[in-house]
Amino acid sequence: MVTLNKENMSVTREVDVIPFRNRLKEMATKIGMGLVNQTKLITAASELSRNMLRYANGGIVVLEVVSKGRENGIRLTFRDEGPGIADIGQAMKDGFSTGKSLGLGLPGTRRLVSDFQIESKVGKGTVVTIIKWKNG
Amino acid sequence: MDKIPILRMGDLLLVTIQVDLYDRIAEALEADLVQAIDKSGAQGVLIDISAVNIIDSFMGRIIGNIAMMSKVLDAETVVVGMQPAVAITLVELGLQLSGVLTALNVEKGMTLLRSKIAVKDNDPEDGNTE
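Sequence order for the protein chains is A and B.
Per the working numbering, the very first residue in the first sequence carries number 444; after that it's consecutive.
Per the working numbering, the very first residue in the second sequence carries number 83; after that it's consecutive.
Don't take every hint at face value.
To give a feel for the contact side, a few chain A residues facing chain B, derived at Cβ under 8 Å [to be verified]:
1) Met444
2) Thr482
3) Thr486
4) Gly551
5) Arg553
Every beta carbon over 12 Å from chain B, so not counted as near; a handful from chain A, in silico [to be verified]:
6) Val445
7) Glu490
8) Val509
9) Gly525
10) Arg554
11) Gly568
Simulated from the structure, these hints should not be mistaken for laboratory data.
Quick caveat, the model's predicted, so the values are computed rather than measured.
Note that CB positions come from ideal geometry on N, CA and C, so glycine has one too.
Make the full structure from the sequences, and use the hints.
Here it is as structure tokens:
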């Protein structure tokens with residue numbers, strides 16, 4: 444996989460989510476991603492930035508345009524230094540939440556994107572990486 | 083802070099969401115709308131989301147809450163104009179929006195709302211037999 448374009452944005456306040464979503468939309472439009480896939484990607488990004496804000500007081504998002512073979516896509520890496528997730532398996536289950544939410548955030552997000560990776564260390568932080576292929 | 087206006091039209095309240103939604107605006111709308119129903123005694127609420135590009139689980143939950151709360155206050159809620167891409171995403175996300183009435187556009191939503199209110203007014207079990 445080759446990275447064609449890379450930039451960072453910090454999400455530390457709730458309003459930061461809007462410029463982030465707009466930038467993401469610009470990038471997705473630029474590589475010719477269709478409206479449905481764009482909407483899925485931005486919704487997934489919205490879920491993950493909320494998690495970052497709610498549980499870790501924000502963090503950094505890396506936005507990349509990536510290419511593999513003939514396929515282009517967008518990779519997002521959400522990195523925070525929050526409390527981490529003790530049981531990732533549980534957090535990925537539909538309906539599980541330690542907060543007040545519906546518990547759809549992580550499992551729902553995984554359904555919306557082409558690739559989903561999560562790494563977390565308790566006390567260190569969490570890194571979530573998602574990829575959405577243009578036609579995926 | 084941005085605020086979503088709530089318009090009153092007879093016994094209905096109209097909300098057209100024209101801004102990018104984020105959590106605090108959605109929560110403020112929920113609170114404002116419940117108060118507006120209480121104050122005006124409105125029987126129906128129409129929420130137009132045709133300009134909304136993104137609804138994630140949090141905002142979806144707020145929409146569900148609004149419908150539930152207005153029901154408790156004896157008003158019906160209809161959500162109109164959801165973009166197809168948003169509908170596809172919501173279903174895949176796993177959000178069911180159960181209990182929320184929807185219609186394709188404002189006109190159809192209005193008709194649905196009117197019929198719901200008429201049914202309620204004619205229901206003898208409601209103690210409203212006239």
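### Query
Is the nearest Cβ of chain B still more than 12 Å from the Cβ of A:Arg554?
violated (5 Å)
### Query
Closest CB-CB distance from A:Glu490 to chain B, is it above 12 Å?
Answer for A:Glu490: violated, closest chain B Cβ roughly 5 Å.
#### Entry: Distal placement of A:Gly525 relative to chain B, Cβ over 12 Å
For A:Gly525, whose nearest Cβ neighbour in chain B is about 18 Å away, the distance exceeds 12 Å, so it holds.
### Closest CB of chain B to the CB of A:Gly568 still more than 12 Å away
The claim holds: A:Gly568 sits with its nearest Cβ about 22 Å from chain B, beyond 12 Å.
#### Entry: Supplied contact hint for A:Met444, tested at 8 Å Cβ to chain B
Check failed: Cβ of A:Met444 comes no nearer than 24 Å to chain B, outside 8 Å.
### Query
For the hint on A:Gly551, does the least C-beta distance to chain B fall short of 8 Å?
Constraint on A:Gly551 satisfied, holds at 4 Å.
### Query
So is A:Val445 really clear of chain B, every C-beta pair being over 12 Å apart?
holds (28 Å)
### Message
Quick check on A:Thr482 please, does its C-beta sit within 8 Å of some C-beta on chain B?
### Response
holds (4 Å)
### Query
Can the hint on A:Thr486 be confirmed by a CB-to-CB distance to chain B that is less than 8 Å?
holds (5 Å)
#### Entry: Status of the hint placing A:Arg553 at chain B (closest C-beta pair under 8 Å)
violated (10 Å)
#### Entry: Consistency of the no-contact label for A:Val509, given chain B and a CB cut of 12 Å
Given that every Cβ of chain B is farther than 12 Å from that of A:Val509, nearest at about 22 Å, it holds.
Hint compliance for this structure: hints 1, 5, 7 and 10 are not met, and every other hint is.
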